[in-house]
Structure formats: structure tokens, C-alpha cells
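If you want the building blocks of each chain, they are given just below.
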Amino acid sequence: MIDIAVRQQELQQLVEDLLQEARRQGASDAEAAVSRDAGLSVSVRLGEIETIEHTRDNGLGVTVYFGQRKGSASTSDLSPQAIKETVKAACNFARYTSEDPCSGLADEGLMARDLPDLDLYHPWGVSVEEAIEQAIRCETAARDRDPRIINSEGASLSTHDGLQVYGNTHGFIGGYPSSRHSLSCSVVAREDDSMQRDYWYTLSRRGEQLQSAEAVGREAAQRTLARLKARRLSTRQAPVLFQADVAVGLLRSFIGAIRGSALYRKASFLLDHQGKPVFPEFVEIHEEPLLRGGLASAAYDSEGVATRRQCFIQDGILQGYVLDSYAARKLGLQTTGNAGGVRNLRINSGKLDHAGLLKTLDSGLLVTELMGQGVNMVTGDYSRGAAGFWVENGEIQYPVEEITIAGNLRDMFLGLREIGTDVESRTSVQTGSWLIERMMIAGE
Amino acid sequence: MSDLIQIAQQNILTSVGLMERDLDRMLGELTGQGVDAADIYFQTSRLESWVLEDGIIKEGSHNIEQGAGIRVISGEKTGFAYSDELQLPVLTEAARAARAIARGGAEQKVKVSGSPAPRQLYEPINPLPSLSEVDKIDLLQRVDAEARRQDPRVKQVIVSLVGVQDIVLVADIDGRLSADVRPLVRMNVHVIAEQGGRREQGTSGGGAREDFNYFSREERGLGYAREAVRQALVNLDAVEAPAGTMPVVLGPGWPGVLLHEAVGHGLEGDFNRKGTSAFSGRMGEKVAAECVTVVDDGTLPGRRGSLNIDDEGTPSQYTVLIENGVLKRYMQDRLNARLMKVDSTGNGRRESYAHLPMPRMTNTYMLAGQHKPEEIIASVDRGLYAVNFGGGQVDITSGRFVFSASEAYLIEKGKITRPVKGATLIGNGPEAMNRISMVGDDLKLDAGVGVCGKEGQSVPVGVGQPTLKLDGMTVGGTEQ
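Chains A and B, in that order, are what the protein sequence lines are.
Residue numbering for the first sequence follows this note's numbering, starting at 1 and increasing by one per position.
Residue numbering for the second sequence follows this note's numbering, starting at 1 and increasing by one per position.
Since the hints were made in silico from the structure, they are not lab data.
Bear in mind the structure is a predicted one, so any value in this text is a computation, not a measurement.
Built from N, CA and C at the ideal position, the CB exists for glycine as well.
Any given hint might turn out to be false.
As the list claims (entries may be wrong) - Non-contacting residues of chain A with respect to chain B, defined by C-beta distances greater than 12 Å in every case (computed):
#1 Thr-75
#2 Ser-98
#3 His-122
#4 Arg-384
To be verified - Quick list of in silico lysine-lysine cross-link-like pairs, DSBU-like style, CA-CA up to 35 Å:
#5 B:Lys-328 - A:Lys-330
#6 A:Lys-88 - B:Lys-341
#7 A:Lys-266 - B:Lys-341
#8 A:Lys-84 - B:Lys-328
#9 A:Lys-266 - B:Lys-328
#10 B:Lys-155 - A:Lys-229
#11 A:Lys-276 - B:Lys-341
#12 A:Lys-229 - B:Lys-341
#13 A:Lys-276 - B:Lys-155
#14 B:Lys-155 - A:Lys-266
#15 B:Lys-341 - A:Lys-330
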């Protein structure tokens, strides 16, 4: 690996050049981002190599402002010629877009000053041969688990290192390298007429922190086997336990509903909810962007604004919104350093582990998979395909599939009864399982 | 149509100083013992997008991507590398990385020669300059005004306009050189209407492999505005959707998303080669009701899902997948076709040079039947009539699929009565296909907005169907 600091310097220079070129072409302000990513991805199937992919992605984007009119352009070509042309294209758009009083860079005083090393870069250096060997061990562990595992969609290992730099004409420039590695496995099981597949994966910024290949394979097999002979349910109302990895989606919907762009468009079911209860009193939701080694950590947002630990829900009450500078100006507020989204979102866990949650659920539906996009962010109406397990007396009875669950997110949030200690840690939005009081299940 | 090859060579190779003999040499490096197939896919793509919101032109942006993907296949193994730097040393390095999948063997000489596309389904144009910037803005503003003019309850209008020119050049070690120049335009209108504190949304849009004038002709852009408003207003009056299994009548056109999910993906060659699809091993068997004939047709002029050639250089085709209920054919790319000992059906598609091709749908639709739509609705005592949908999803292996209605009505005693809120419909592909009991005579294709995602790759597609009735399907509402 060529010294990463040298590469970062090169990209910073590129950003400086872009900003200078924008000024030269008449822009009053500009911001630019450049990224480079290199990776290796191997997949095996039935013990044999299926694909070996070498990836290499470049990206460059620039936004220029002529007063309060803006234009943007991007390219995968980082050559000096491309820089000129990309800036020119962006400037051309700015001649035709409208004056927008809310448009412009984020306020200068909010730019991040400290750029601490957040420990995001741990190149793995795994060779193609080692990667194949790990993937094969992973898939083998899954296939050897049980004779009902009759087929496989394979196992994949991928490793990526990236570098990104952002700068703007306030004089802000920042950049950092990061790494991301993962191993996944998906197998197919059959018993009588029932054929099912499921998968498992592990993901980390450090190769050595991935779950072992065997553990990933075994988990994939276990999850697939557990689905066999799934039944349907009759249509009914019941309490629903969302397993942690699917509860993540509910938490993302909450964030989507308090995002500035949804609010100023009046396209959110949580419009005007600041200061009001959105969850029961025991719930706290906060963001930790400066977490060392976190999957979404960054010291500045995609406008250069300093990020900070902040609380969105305290005692169940909505404390504030997720804002970038544009949405903030539209709403007469100040940016919360969330251009580009939230970074490392956490919800507080209760005291119950997965088994404890099942006990508390007593009789109801454990959801382990959701299908489709049936979430209406304007109304909060929620209707999605689901699969999982029917639970009675706190014990899993049998797998279920081909059912839907429906409700309204506002009621579901307020109906949240427990959050488990079984936290999903492979995503930047982290939560334990959610037990929700009551939903409509549609089936036979 | 070798002028397509000329256009592609000029736009991609000439501008970076690559010659045909450089192609020959690179392809030569990809040959050797153990190599069954190999190709280089060059692409340059220009995209422009405009967004109008709050009555002003808020955003305009431009994107240029170019690069080459190099693929070497040995048996079931694929080596792949790509680069966005179109320079000989970089490409040669990528070629070696891809070639490492099959070891040993002496290189052979390759000489490429152009093979013309058999037909031209769209003009080889660049749609981006087809309207001046001033005219594009005027178009957006007229659409915005049309939406707001419909009803005072319309509170928010967002109109977006996107144009793409995609130029591809595929060269393989058999010496085949093919090219395509693919224009694509799309417009979308999203509105929010408000009434007594209740807010609802409506969306509409369309597109084609044409230039931007497409939206001015036949008042299409204005039509999207009216349609988006109509949907939002209908939803303002919608009551809770029913929950449970009931007869479902699907309207013509876009509800064809049903076919895309319930059978389309399950009939893609890769899943069937691997035996992981609910339709695997069922060739020649009855997999749907007799009234069902489903085709994948990449040859419709100007349609969003159409292609002169697929991304492996194979001409697109009209492929009958299911005929009168009997499974006839899978959709194939070259890799899966070779391994299953059939011919490619021209369904080898990729999102870009940075992605590997796989079997993908083009325009997938059901042929018309005998029944009048009114007759179909009249046959239902209590059920759902769904006419607009958001997206869908399928689990290939179990066959379970969902799609989410965004505009639906109750049918009571053979009559459409009240609008109901959006709800997800869930079923099992092979079962659902057998429960189709009536097919209308009103085949319609969608307006040109479909995007299909598979293994992280998005490609434009089309869907279509006549009005049809499923005897039982699970509707995910909240009213028991």
C-alpha cells in the first residue's frame, strides 16, 4: 500500500484545484468532494470459486454557487481536463437554476475545527487465495451443518479501502481513509415440499474483528433450517416482536420522519412533533458521530459542519430534527450537522435479552424478515410482508411466512413496550429487538 | 447499423487514443487454455437532472461516467476487473487481474470485427441537448403550474427531469464487436395534498428511449401532473384497507409489477442453473393458469426496458416465458446459457462497466385475454381493486413475493365502492399464477418508470398486463 497520507495529500490538492477552478470560472462559493475506493471481492459456491472481482472506484463532485443559485456536476474521471469540464458543467447549471434564499454553503462559524483520528482505517491485506479459503470454510460450515442444506448461493468475502476528502471555499478541508470488510453466506434448505434460503453476514472496519468464517456459515445454515415448513397464520391482531436486525428499519423510519427535507416538504408523519411524545417515556435515542471505529463515524458532515453527540429522543419526547443547512434555513433553524444523514444512531436498551423478550411477548409474532417498501412517510401508514415465528407461552412454536403486518408508525412507536439487549451491531443504526404492543397480521 | 460501432468508437476509444489493434491485443491477453469466454465492456454515460420544488428550479446537475470492465470466464468461474481510467497500461493490468481466474495456456490472436445490430429500436441520439436549458425549465414550470391548477388542496409539487445517454462497446475473444447508443429520458411528478389536517401524496411519471420532446408531445408532462394530483386526492378520501385473503383485481399497465416479482425473477437463468428458484426444474410443466401467457420483450421500439443489443452484444428478443400456463423458457445471459446448454435470450444486462452482467428482464408483460374489465370487476362479491403500485420484492427460493398498492378500492357486490389506503399484497409466485382466473382484453404497458434491482445492480425495465383477477391473495390492511 502506498503511504495513505501521500494519497490523501493528492486528493486534498485535487479538491483545492477544484475550488480554485470554480472561483476562476466566476463562482462566489463552491464545495467539492473526491473519493477513491479499492477493493477485492471473491465469491465461492459449492466449494468452487465463482467470481473474483477487483474493484476500483473514483468519484468527484462539485457544487458551485453564484450568489444563491447553484449547480452541481460529478464524474468518475479525476484527470485535470475532467476537473475543468466538470466545474464548467456545474457553472452552466447555476446560470439556469433559480435564486433560492436558503441555498449556499453552511455557515462559516459552524465548520469543524478539530479533525480527530477516529480510527476508521484498518486495511486487511488479505490475499485472493486467503479470501477464497475463508469463503470456502464459511460455506462448508453451512453445508455440513445438516443434510437438509441441499444447495447454496455461496459465500463471499469482500474488503474495501477508501479515501475521501471534502473542502469548501470557507477554507474548510478535511479527509480521512477508512476500511470495511465483510463475509457473508447464503444457503438453501429443503424438507419435503418446502424450500427456503436465508443468509448471515459479518461486517467490520477491522478484518480480525469479523466473526469467524465457521460461525457465519453455521448461523446462515441455522437461520435457513429454522424457516423450513413455515406455515401461514389466520388474520388476527397480536403483539409483535421485531428482531434486532429488522427493528433497525423501524428506527431508520423514525429518522426519515424527522429529517429536515421531509419536514419542510410537509412530507412527514412527525411534522410539528418537536417537544411532543413520540415514544414511551423510557426511550432515549441519540447519535454518536465521534465514536472511535464506528461504522458511520465522522468529525464533520458532508458540508464540513462539526458533528456532535446529540439526543433526538429524551424521555420519549422529540428533542429536535435531523438537519442540513438547507433544510435548517427552510425551517428557520440551525443545521444539526446532519448533512449526509445520522452517524451511529443508538437507542437505549432495556434489561431483557432475546429469551426475556419472548417471555414478555408470551403469545405473538416474532418477525425476522420484512419484505417490500410499504411504508408511507407522509401518513406513517405501515404495511409490509413478513416472515418469522409464532410464539406461545414465551416459546417459539413454528415458522410462519406469507403474512403481512400493518399499523401506523406513530401508534407503533408509542406502542413500543420493550427494547432488548440483543443489539444489532453490524449497522450504523443500532438497536436491540422491539416489542410492539399490537399490530394487524393478515394471512389466510 | 455499423454506425453505432463508429459512434461508440469515436466517443469512447478515439478520445483516449485507443485503437482497434489495442483491443485485439488486450483480448489476445485474455485468451488461453481454460478460458471459455472473455469480453471487454467499454461505456461512457452522461446524465443530466433537474429538480423543481416550491415553484423554483432548485437543482441542476450533470454526471459523466466512463470506464471499462474486463471479464474472463472459465467454466463456472468469473474473473472481473474494471477501471475508470481508459489507458492502455491500466486496462492491461485490469485484464491480467481478470485473467488470473484461469491459469496457464498460450495466448491466441484475436481480431475484432463489427457485427451490426439487427434492428434499431431507438435513435442513436444524445437526449441532453434536445431541449435548450430555457425550454427544459419552461417544461418543468408548466408541469408544476398544471399540478397546482388542478385543485387548491395541492400544497407541494416536486417535478424532476432526467436524461441519460449511454454508449456501450462490447468486444469479446471470439472477435465480436458490438455497440449500442441508448438514450433514456424520464420525468416524475410528486404532489402532496392537504385537507382538514390530513396529508396524502400522489406520484406519476413516465419516460422512454427518446429525447426530452417526448414530454411535450401528447401533453405527457401535463398528464403526469394531473395524474399525480388525482391520486393524492383519491387518497385523501381513502379508508383503512381490509386485512386478509380475498379476490384481487389488478388494473392494466403498471400493476404488471406482479409478473415481474411473482414469475419474472424466478425465471432468470442464473437461479435456475443453480436450482435455487421456486421454478427450477419445472420446464415444460404447468406453472400458471391456462389463461396466462407471459413474455419478456426487449424489442419494443422506444420503450424504457428495450435494448438493440444486451450488454454482452446479443440482440434483444421476444421470449415467451409462459405459454397458456406452461413454462417455456428462462431468460439467459451467455454464461448461464452456455452452462445450461441453451442460447442466450439477449437478457445479459449490467448496471455499468463496474458490474458483472447477469440475466435480467427487459419489458415483461402478460398477453391480453378475453374478458372485458367491467365483467371482471362485476364477478367479485367482496375484494380489492388495485390500480397503482409502489415497488415489489421476491424471495426467489420460496417464491414469496410482495408488492405495495398505492391506489386501491374496495369491490363490493361487483361494484367499485370506496378508495382504501395503500397496503402490501403478499403471495407465492407459482400459487398466485395458478389463481389467475380472468384476464382482460385491455393489455397496457407501463408509462416507462420501472427500475429493477438485483444483487445491488439497478437497470431500467418495463412491465405490463391487462386487467386480471386473482381468486385469492393476502391483503395487508388493518381492518379485519
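Hint check results:
1. Thr-75: violated (4 Å)
2. Ser-98: Violated: least Cβ distance 4 Å, not greater than 12 Å.
3. His-122: holds (23 Å)
4. Arg-384: Not fine: 5 Å to the nearest Cβ puts A:Arg-384 too close to chain B.
5. B:Lys-328 - A:Lys-330: With a Cα-Cα distance of about 56 Å, the restraint between B:Lys-328 and A:Lys-330 is violated, given a limit of 35 Å.
6. A:Lys-88 - B:Lys-341: violated (51 Å)
7. A:Lys-266 - B:Lys-341: With Cα atoms ~55 Å apart, A:Lys-266 and B:Lys-341 exceed 35 Å; violated.
8. A:Lys-84 - B:Lys-328: Answer violated: A:Lys-84 to B:Lys-328 is near 54 Å, above 35 Å.
9. A:Lys-266 - B:Lys-328: Outside the cut-off at roughly 49 Å; violated.
10. B:Lys-155 - A:Lys-229: Measuring from Cα to Cα gives roughly 49 Å; hence the hint is violated.
11. A:Lys-276 - B:Lys-341: Violated: A:Lys-276 and B:Lys-341 sit about 64 Å apart, past 35 Å.
12. A:Lys-229 - B:Lys-341: It holds: about 34 Å lies between the C-alpha atoms, which stays within 35 Å.
13. A:Lys-276 - B:Lys-155: holds (25 Å)
14. B:Lys-155 - A:Lys-266: The given pair, whose Cα atoms are some 9 Å apart, holds under the 35 Å limit.
15. B:Lys-341 - A:Lys-330: With a Cα-Cα distance of about 60 Å, the restraint between B:Lys-341 and A:Lys-330 is violated, given a limit of 35 Å.
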